[in-house]
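Build out the structure end to end from the sequences listed, making use of the hints.
Chains as they are written, first to last, in this note's numbering: chain F, 1 to 200; chain R, 1 to 216.
Hints are computed from structural coordinates only; laboratory data are not their basis.
Predicted model, so just to flag it, every value in this text is computed and none were measured.
Among the hints, erroneous ones may be present.
Unchecked claim - These stretches of chain R come out as covered by chain F in the derived footprint (C-beta under 8 Å, 3 or more residues): (1) 50–63; (2) 69–81; (3) 91–98; (4) 110–121; (5) 138–150.
Claimed, not checked - Not close to chain R: a few residues of chain F, all C-beta gaps over 10 Å, as computed: (6) Gln34; (7) Pro40; (8) Glu66; (9) Arg72; (10) Pro97; (11) Gln116; (12) Arg172; (13) Ser189; (14) Pro195; (15) Asp197.
In this text, a Cβ means the ideal position worked out from N, Cα and C, and glycines have one as well.
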Amino acid sequence: MYNADWEILFFMDTSEVPAPGGFALLSLSKLTEQYKKLNPMLQVPAVEIDGITLSQSLAVIQYIDETRPGPRLLPADPQKRAQVRMISDVIASGIQPLQNLYVLQKIGAEKAQWAQHFIDRGFQALEPILKLTAGKYCVGDEISMADICLVPQVYNAERFKVDVGQYPTIKRLNQTLLEIEAFIVTNPSGQPDTPVDLRA
Amino acid sequence: MASQTKPVLHGYFRSSCSWRVRIAFALKGIEYDQVPVNLIKDGGQQLTEQYKKLNPMLQVPAVEIDGITLSQSLAVIQYIDETRPGPRLLPADPQKRAQVRMISDVIASGIQPLQNLYVLQKIGAEKAQWAQHFIDRGFQALEPILKLTAGKYCVGDEISMADICLVPQVYNAERFKVDVGQYPTIKRLNQTLLEIEAFIVTNPSGQPDTPVDLRA
Chain F
1 MYNADWEILF
11 FMDTSEVPAP
21 GGFALLSLSK
31 LTEQYKKLNP
41 MLQVPAVEID
51 GITLSQSLAV
61 IQYIDETRPG
71 PRLLPADPQK
81 RAQVRMISDV
91 IASGIQPLQN
101 LYVLQKIGAE
111 KAQWAQHFID
121 RGFQALEPIL
131 KLTAGKYCVG
141 DEISMADICL
151 VPQVYNAERF
161 KVDVGQYPTI
171 KRLNQTLLEI
181 EAFIVTNPSG
191 QPDTPVDLRA
Chain R
1 MASQTKPVLH
11 GYFRSSCSWR
21 VRIAFALKGI
31 EYDQVPVNLI
41 KDGGQQLTEQ
51 YKKLNPMLQV
61 PAVEIDGITL
71 SQSLAVIQYI
81 DETRPGPRLL
91 PADPQKRAQV
101 RMISDVIASG
111 IQPLQNLYVL
121 QKIGAEKAQW
131 AQHFIDRGFQ
141 ALEPILKLTA
151 GKYCVGDEIS
161 MADICLVPQV
171 YNAERFKVDV
181 GQYPTIKRLN
191 QTLLEIEAFI
201 VTNPSGQPDT
211 PVDLRA
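Spelled out as structure tokens, the structure:
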């Protein structure tokens, strides 16, 4: 249920052309030698697609966007596209890596405060950025990779008891996005590997 | 689509993320102005209210270009690539392009954020071991990936954003006394790239804000 996994599932559902053969959720322990061949960073997700194996969710998402038809996941306008990448990277480089499982295990006893700190710090930056770029969604009025990154990060924020109410634009965008089918069906509460006690 | 005004890079000589953007500008032959942001002086010039307007993450780099302000080096690099002529910074082939982004993200999300100044200040006394650990971990992943993707450069035989990310990260690795010799593909690629003009002229040892005692 790492949020990076969730980002890939979002995409597969919004594509108008189903991925050939659908997609299979691989449920391997990620520390095995077997998984290492898929992703030597020993992290999820890894995606086998078109004969290659890709890791790093934003690389996967942009590859899918560039090779499959359907709604664009990055805007046509280069400046808006740069803003989408900027927002995505604030989350994918500036927040999530500081609060993922591996790092929290290394931090030890103070992990909750550490995670909250880095999420708050990132959201403090994101809020003014989004105030500038957002329309109905993170950048203008089209769903993009930025929205795909935002929702799972807000989910993590709530898990770590961050008060998202301090960030009204983030809160508003998240609420809007949570009503969209692709975000609903891919929620951690309803996946093949969701434990019984956490199912919606 | 280039504006009449030169882009402005707000950065720090030794910031690996700022160096990435410098390399991209150099590869494309784009002239730009540099405004140094000293991360140490005055408690850190990136922490001022003034800088916050440029980048609310309070990090370098921030780039003013074509009437907008962008942060996050990979967003900047791809924007430059998509709006300026000159050698491509990402391959035309979608699969190679994905591999370039994957390698760039292993560095820009998987390594650098765990060893930047802010995090090391929070870690405190054990910062050297922490930095080495995360660089080693990232390089242990990068080595087999690059063995698969590399030709003369990180992905095939064309310089890309992956190479732009690699060299500054190897520089950081050496600063933290990581033994890069354990990673032969990384070492070989870095050596090749260090002979290229765009990587040489942008090196931290020769920037406008490089302290005298660190100049080449």
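Consistency of the hints with the structure:
no.	hint	result
1	50–63	holds (count 5)
2	69–81	holds (count 8)
3	91–98	holds (count 4)
4	110–121	holds (count 5)
5	138–150	holds (count 7)
6	Gln34	14 Å, holds
7	Pro40	4 Å, violated
8	Glu66	5 Å, violated
9	Arg72	14 Å, holds
10	Pro97	5 Å, violated
11	Gln116	13 Å, holds
12	Arg172	18 Å, holds
13	Ser189	26 Å, holds
14	Pro195	27 Å, holds
15	Asp197	31 Å, holds
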